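A.B. asks: Letter by letter, the chains look like this.
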Amino acid sequence: MNILVCVKRVPLTGGKIVLTDDARAISTRHLGFTISPHEECGAEEAVRLVEQHGGSSTVLTVGPPEAEEQLRDVMAIGVDRAVHLVTDDEEWDPQATAAAIVDAIREVPEPYDLFLFGNESADAGNYQVPIRVAHALGLPCVTGVKGIAVSDGQLRCEQEVEGGRDIYELSMPAVITVKEGLNLPRYPSVPGRLRAKRKPVEDSTPPRRQPRLEMVRLHLPAGSGKQVEVLGHGPEAAPAVVGILRELGLV
Amino acid sequence: MVLVLVESLDDELSRQALTLAASLDDAVHAVSGVGEYAPAGWGRSLLEVIEELSPSAVLAPGTDRGNEVLAHVAAMLDLPMAANCVAISPGDPAAVTRIRWGGSLFEDATVHGSPLLLTVAPHAVAAEPVEVAQLRELEAAGGDGMVRVIEHVPASTAGVSLAEADVVVSGGRGVGSAEGFGVIEELADLLRGAVGCSRAVTSAGWRPHTDQVGQTGTKVAPEIYIACGISGATQHLAGCKGAKKLLAINPDGEASILASADYAVIGDLHEIVPAISAEIRKARGA
Ligand SMILES: Cc1cc2nc3c(=O)[nH]c(=O)nc-3n(C[C@H](O)[C@H](O)[C@H](O)COP(=O)(O)OP(=O)(O)OC[C@H]3O[C@@H](n4cnc5c(N)ncnc54)[C@H](O)[C@@H]3O)c2cc1C
Ligand SMILES: Cc1cc2nc3c(=O)[nH]c(=O)nc-3n(C[C@H](O)[C@H](O)[C@H](O)COP(=O)(O)OP(=O)(O)OC[C@H]3O[C@@H](n4cnc5c(N)ncnc54)[C@H](O)[C@@H]3O)c2cc1C
Numbered sequence: 001m002n003i004l005v006c007v008k009r010v011p012l013t014g015g016k017i018v019l020t021d022d023a024r025a026i027s028t029r030h031l032g033f034t035i036s037p038h039e040e041c042g043a044e045e046a047v048r049l050v051e052q053h054g055g056s057s058t059v060l061t062v063g064p065p066e067a068e069e070q071l072r073d074v075m076a077i078g079v080d081r082a083v084h085l086v087t088d089d090e091e092w093d094p095q096a097t098a099a100a101i102v103d104a105i106r107e108v109p110e111p112y113d114l115f116l117f118g119n120e121s122a123d124a125g126n127y128q129v130p131i132r133v134a135h136a137l138g139l140p141c142v143t144g145v146k147g148i149a150v151s152d153g154q155l156r157c158e159q160e161v162e163g164g165r166d167i168y169e170l171s172m173p174a175v176i177t178v179k180e181g182l183n184l185p186r187y188p189s190v191p192g193r194l195r196a197k198r199k200p201v202e203d204s205t206p207p208r209r210q211p212r213l214e215m216v217r218l219h220l221p222a223g224s225g226k227q228v229e230v231l232g233h234g235p236e237a238a239p240a241v242v243g244i245l246r247e248l249g250l251v
Numbered sequence: 252m253v254l255v256l257v258e259s260l261d262d263e264l265s266r267q268a269l270t271l272a273a274s275l276d277d278a279v280h281a282v283s284g285v286g287e288y289a290p291a292g293w294g295r296s297l298l299e300v301i302e303e304l305s306p307s308a309v310l311a312p313g314t315d316r317g318n319e320v321l322a323h324v325a326a327m328l329d330l331p332m333a334a335n336c337v338a339i340s341p342g343d344p345a346a347v348t349r350i351r352w353g354g355s356l357f358e359d360a361t362v363h364g365s366p367l368l369l370t371v372a373p374h375a376v377a378a379e380p381v382e383v384a385q386l387r388e389l390e391a392a393g394g395d396g397m398v399r400v401i402e403h404v405p406a407s408t409a410g411v412s413l414a415e416a417d418v419v420v421s422g423g424r425g426v427g428s429a430e431g432f433g434v435i436e437e438l439a440d441l442l443r444g445a446v447g448c449s450r451a452v453t454s455a456g457w458r459p460h461t462d463q464v465g466q467t468g469t470k471v472a473p474e475i476y477i478a479c480g481i482s483g484a485t486q487h488l489a490g491c492k493g494a495k496k497l498l499a500i501n502p503d504g505e506a507s508i509l510a511s512a513d514y515a516v517i518g519d520l521h522e523i524v525p526a527i528s529a530e531i532r533k534a535r536g537a
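Each protein sequence line maps, in turn, to chains L and H.
For the first sequence, counting from 1, position 8 maps to 8 in our numbering; every step adds exactly one.
Every position in the second sequence, counted from 1, becomes a number in our numbering once 251 is added.
There could be a bad hint or two in this list.
[What the hints assert, rightly or not] Within a straight-line C-alpha distance of at most 25 Å, the following computed BS3-like cross-link-like pairs (lysine-lysine) qualify:
| id | chain 1 | residue 1 | chain 2 | residue 2 |
| --- | --- | --- | --- | --- |
| 1 | H | K492 | L | K226 |
| 2 | H | K495 | H | K470 |
| 3 | H | K495 | L | K226 |
| 4 | H | K496 | L | K16 |
| 5 | L | K226 | L | K16 |
Just so you know, the hints here were simulated from the structure itself, not pulled from any lab data.
Given the structure is predicted, the values throughout are model-derived calculations rather than measurements.
Work out the full structure, taking the sequences as your base and the hints as a guide.
C.D. replies: Here it is, written out as structure tokens:
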């Protein structure tokens, strides 16, 4: 079973987001980078499925040269190889991103059986790149999956919905987008990290298409305007807390 | 005219989408899917309605299904789609404001193409009454690649659901261990609330992901959210900003969570939370 998992490099923002002076990006001077938790689960699932069913796994990103760091991180948990579609610093819109991924997929000599994506990207959250890829390749697609079982080339996928779970069955090749909770991703081991440094990364530079969903600028929501009331220090504050709970009708 | 994909005409998030649609055009038509959910099949049928009515814009609520069906339409038409918008001004290109990072950041963007395809961020616009010219039923188109739901497994009804709980007592890395959640569970039980947690906790395997609150977890909207040992990362706050009141329990008087909190108790949760539980029992005379 050959699996492709797609990930996106994003800044790891903490308690506060600070924008660059031109307001077109998050200021990352003091930040690390990561991928979405959904995508981490996608990578873990790829590794598990290959452990169970054989085959190989590949991680792909469309991103700046620095995104190689995220490809190495993903290979450190056991993904076999990487494809890096290198971009300039400008953000790519979902159509351009999907087109670049589709072109790269069409070029591989050994076709993939399964394409795993995150349900939505951590930063832009456009909810559409995987669906566009599925249409371009003529493949079925299920989104927001929290359970995958494979037997005889058939996939059984579970999706969480209000009041329970919806089940889908489809045959491979297929495009699946996953949500955090699908599995508990392993931490990369030290040998895993060392091996990842030697795994192959195939680079190419796709042409950038004119964006049709074009970011103009970013801005922060108005602050909560809240002024925190400190009820006290340590266990002595318990009666004050219960006073608040009583006001809310809870005690 | 504008076309809106609704869950139903009474559904709150659909009404919010209708409200934003009515700001674009007086003639609002609605469609609603029937039968088992079939994302691509509904998308294909929606495309047929679009071809027949030629709307200037097609909107849907920014729910899992709204985002998914509209993305299928966008892919079939090779048009851009803007997900989770909070404001739109029509034109060529249209200008929209949409949310990023689960609502922690806004983006102004332009959308080139017609019809305009967009979804409306939940709870960003207040629903107003909208006159709907016509509501049509949408049946899933058949054909290759049209997956559909084949079975629905109901959730177990044990306990209070996190998304709907009136009280959420939530623990973060500061709880220290899986066993440490005993005091959190005790307080949640006393208040007939649900237990929540941060991602640091689910990643450590102390609680299941179903308890995680945040951008990639559950969105909650309780009367009060009690955050114990949680620092207040934007991705966590994205899940609990619907709470009416937020109480933070943290030894760090500089923790980011305090900027979003109504109340705070400074100190060790392992001393404070049991003291609150004891005080509640005392107040109830038990
Ligand atoms: C794309 C993306 C999505 C994410 N989605 C989510 C999400 O859905 N939900 C989520 O929670 N996170 C999410 N995260 C992770 C998030 O960025 C933070 O890493 C996480 O929320 C931190 O959890 P925490 O506050 O428990 O831990 P920390 O940040 O380590 O904070 C621990 C806190 O505990 C306090 N503390 C320590 N000891 C005690 C004590 N004895 N008593 C009381 N307080 C104590 C400390 O002062 C500190 O404030 C996401 C990240 C990314 C990049
Ligand atoms: C200007 C602006 C203001 C916003 N204000 C809030 C806010 O005050 N609170 C908030 O939670 N989100 C707010 N949001 C939306 C937020 O950023 C997320 O988009 C939102 O939580 C929905 O995420 P979702 O699509 O995952 O929701 P869903 O998965 O559709 O939501 C899950 C469930 O959470 C509950 N829920 C979520 N938000 C609320 C709420 N505000 N009131 C009651 N129930 C809710 C509902 O039961 C809902 O069905 C705001 C967005 C914008 C742009």
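A.B. asks: Look at each hint and say if it fits the structure.
C.D. replies: Now the hints, each set against the structure:
1. H:K492 with L:K226: 12 Å, holds
2. H:K495 with H:K470: 13 Å, holds
3. H:K495 with L:K226: Judged against 25 Å, a Cα distance of about 12 Å means the pair holds.
4. H:K496 with L:K16: 20 Å, holds
5. L:K226 with L:K16: Holds, at about 15 Å.
Violated hints for the displayed structure: none, as all numbered hints are satisfied.
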